[in-house]
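> Taking the hints into account, I'd like the entire structure generated from these sequences.
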Amino acid sequence: MYNTDKLYYEGVKFKTVGDELLLCVSFENGCLKMSRLTVGDNIEMKLRNIMALEQCHNTLEAYVCNYVIYLEYLIDTDKDVELLFTYACIEWFVVVLCLKGIIHNFLRQPALVAWMVNNLELGIIEFVSNNSDIAVEIKKYYRNPVNRSKAALKHAYFSNMWTGTATIAATILLVMTLIQTWASIN
Numbered sequence: 801m802y803n804t805d806k807l808y809y810e811g812v813k814f815k816t817v818g819d820e821l822l823l824c825v826s827f828e829n830g831c832l833k834m835s836r837l838t839v840g841d842n843i844e845m846k847l848r849n850i851m852a853l854e855q856c857h858n859t860l861e862a863y864v865c866n867y868v869i870y871l872e873y874l875i876d877t878d879k880d881v882e883l884l885f886t887y888a889c890i891e892w893f894v895v896v897l898c899l900k901g902i903i904h905n906f907l908r909q910p911a912l913v914a915w916m917v918n919n920l921e922l923g924i925i926e927f928v929s930n931n932s933d934i935a936v937e938i939k940k941y942y943r944n945p946v947n948r949s950k951a952a953l954k955h956a957y958f959s960n961m962w963t964g965t966a967t968i969a970a971t972i973l974l975v976m977t978l979i980q981t982w983a984s985i986n
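The number in my numbering is simply the position in the sequence shown, starting from 1, with 800 added.
Among these hints, one or two may not hold up.
Unchecked claim - Straight-line C-alpha distance at most 25 Å; calculated SDA-like pairs for lysine to any residue:
1) 813 <-> 968
2) 879 <-> 968
3) 815 <-> 925
4) 806 <-> 846
5) 815 <-> 803
6) 846 <-> 872
7) 813 <-> 947
8) 879 <-> 866
9) 833 <-> 857
10) 950 <-> 812
11) 815 <-> 852
12) 846 <-> 924
13) 939 <-> 951
14) 833 <-> 860
15) 806 <-> 942
16) 813 <-> 952
17) 846 <-> 954
18) 954 <-> 809
19) 939 <-> 846
20) 815 <-> 939
21) 950 <-> 803
22) 813 <-> 918
23) 815 <-> 977
24) 940 <-> 923
25) 833 <-> 951
26) 879 <-> 937
Unchecked claim - Ranges between beta-carbon positions, derived for each pair:
27) 968 <-> 932: 38 to 44 Å
28) 948 <-> 838: 29 to 35 Å
29) 826 <-> 855: 43 to 49 Å
30) 921 <-> 979: 57 to 63 Å
31) 845 <-> 937: 31 to 37 Å
32) 979 <-> 939: 39 to 45 Å
33) 842 <-> 956: 52 to 58 Å
34) 840 <-> 968: 40 to 46 Å
Because the hints were derived from the structure by calculation, they are not lab data. Quick reminder that beta carbons are idealized off the backbone N, C-alpha and C, glycines included.
Structural data, given as structure tokens:
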């Protein structure tokens, strides 16, 4: 599976499903929907304890372990954490206002979150993931040349309002020039 940075630049959108469904991950129509993860001082301890409980008693229903493995695939560096955090989040002083953010980062250091997520997987015993079908869908979407081309065009020519407006204006000017050339020849 690919990390967040690669997926984002290949056209995958990220959206949070809200706080009502815990550990929910789905992928449909190029949009990866995940439940929100609030990262604070004691989240690593809580996750490790729940993962240890799941591995001892509920090995077939290890939802937290699956979610942590999935996060580990998505997050390799602090850039991935920043993308998931600031995708649609605004941070002012101590208050964090998130519109669609996947990660609430109260540690304020993306490198620490990336290190924590990458080290959480170390204690997990390998087992069949509940999210393997989602990973297959994402890989199919990622390898589709049409999706890659659309994403490249969007990031290169329509990344903000001004470049999009300039691209449309240049296209109109080019079409008008071609029409004028064609009209002058005939």
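> A separate judgement is required for each hint: does it hold in the structure or not?
Hint check:
Taking the CA atoms of residue 813 and residue 968, the gap is about 24 Å. The hint holds against a cut of 25 Å. Of the pairs offered as hints, the one joining residue 879 and residue 968 is violated, with about 31 Å between alpha carbons and a cut-off of 25 Å exceeded. Restraint check for residue 815 and residue 925: the C-alpha separation of about 29 Å exceeds 25 Å, so the hint is violated. Of the supplied pair hints, the one linking residue 806 and residue 846 is violated, its CA atoms being roughly 29 Å apart against a limit of 25 Å.
Under the criterion of a C-alpha separation no larger than 25 Å, the hint pairing residue 815 with residue 803 is consistent with the structure, at around 16 Å. Proximity of residue 846 to residue 872 is assessed by CA-CA distance (about 17 Å); at most 25 Å being required, the pair is judged to hold. Under the criterion of a C-alpha separation no larger than 25 Å, the hint pairing residue 813 with residue 947 is consistent with the structure, at around 12 Å. A hinted pair counts as satisfied when its Cα atoms are at most 25 Å apart, and residue 879 with residue 866 qualifies at roughly 22 Å.
Distance restraint check for residue 833 and residue 857: the Cα-Cα separation of roughly 28 Å exceeds the 25 Å cut-off, and the hinted pair is therefore not satisfied. With a C-alpha separation of about 11 Å, the suggested pairing of residue 950 with residue 812 holds against the 25 Å cut-off. Proximity of residue 815 to residue 852 is assessed by CA-CA distance (about 29 Å); at most 25 Å being required, the pair is judged violated. In summary, the hint linking residue 846 to residue 924 is supported, as the alpha carbons are separated by about 15 Å, within the 25 Å threshold.
A hinted pair counts as satisfied when its Cα atoms are at most 25 Å apart, and residue 939 with residue 951 qualifies at roughly 15 Å. For the given pair, residue 833 sits about 23 Å from residue 860 by alpha-carbon distance, which is consistent with the 25 Å threshold. Simply put, residue 806 and residue 942 have alpha-carbon atoms about 9 Å apart, close enough for the 25 Å limit, and the pair holds. Taken as a hint, the residue 813 and residue 952 pair is honoured in the structure, with Cα atoms around 14 Å apart against an allowance of 25 Å.
At most 25 Å may separate the alpha-carbon atoms for a hinted pair to count; residue 846 and residue 954 exceed this at roughly 40 Å. Simply put, residue 954 and residue 809 have alpha-carbon atoms about 9 Å apart, close enough for the 25 Å limit, and the pair holds. About 31 Å separates the Cα atoms of residue 939 and residue 846, which puts this hinted pair outside 25 Å; it is violated. A distance of roughly 18 Å separates the Cα atoms of residue 815 and residue 939; the hinted pair therefore holds under the 25 Å criterion.
Simply put, residue 950 and residue 803 have alpha-carbon atoms about 19 Å apart, close enough for the 25 Å limit, and the pair holds. Proposed proximity of residue 813 and residue 918 is supported: the alpha carbons are some 22 Å apart, at most 25 Å. With a C-alpha separation of about 42 Å, the suggested pair residue 815 and residue 977 falls outside the 25 Å cut-off, and the hint is violated. As the CA atoms of residue 940 and residue 923 are separated by approximately 30 Å, the hinted pair breaks the 25 Å bound.
This hinted pair checks out: residue 833 and residue 951 have alpha carbons roughly 18 Å apart, not beyond 25 Å. Proposed proximity of residue 879 and residue 937 is supported: the alpha carbons are some 24 Å apart, at most 25 Å. Between residue 968 and residue 932, the C-beta spacing of about 42 Å keeps the proposed range 38 to 44 Å intact. Hint check: residue 948 to residue 838, Cβ distance near 33 Å, so the stated range 29 to 35 Å holds.
Separated by about 25 Å at the C-beta atoms, residue 826 and residue 855 break the suggested range of 43 to 49 Å. For the pair residue 921 and residue 979, the supplied restraint of 57 to 63 Å holds, since their beta-carbon distance comes to about 59 Å. Judged by the Cβ atoms, the range 31 to 37 Å given for residue 845 and residue 937 holds: they are separated by roughly 33 Å. At roughly 44 Å, the beta-carbon separation of residue 979 and residue 939 lies within the given 39 to 45 Å, and the hint holds.
In this structure, residue 842 and residue 956 break the distance hint of 52 to 58 Å, their C-beta atoms being roughly 42 Å apart. For residue 840 and residue 968, the hinted distance range of 40 to 46 Å is satisfied, since their beta carbons lie about 45 Å from each other.
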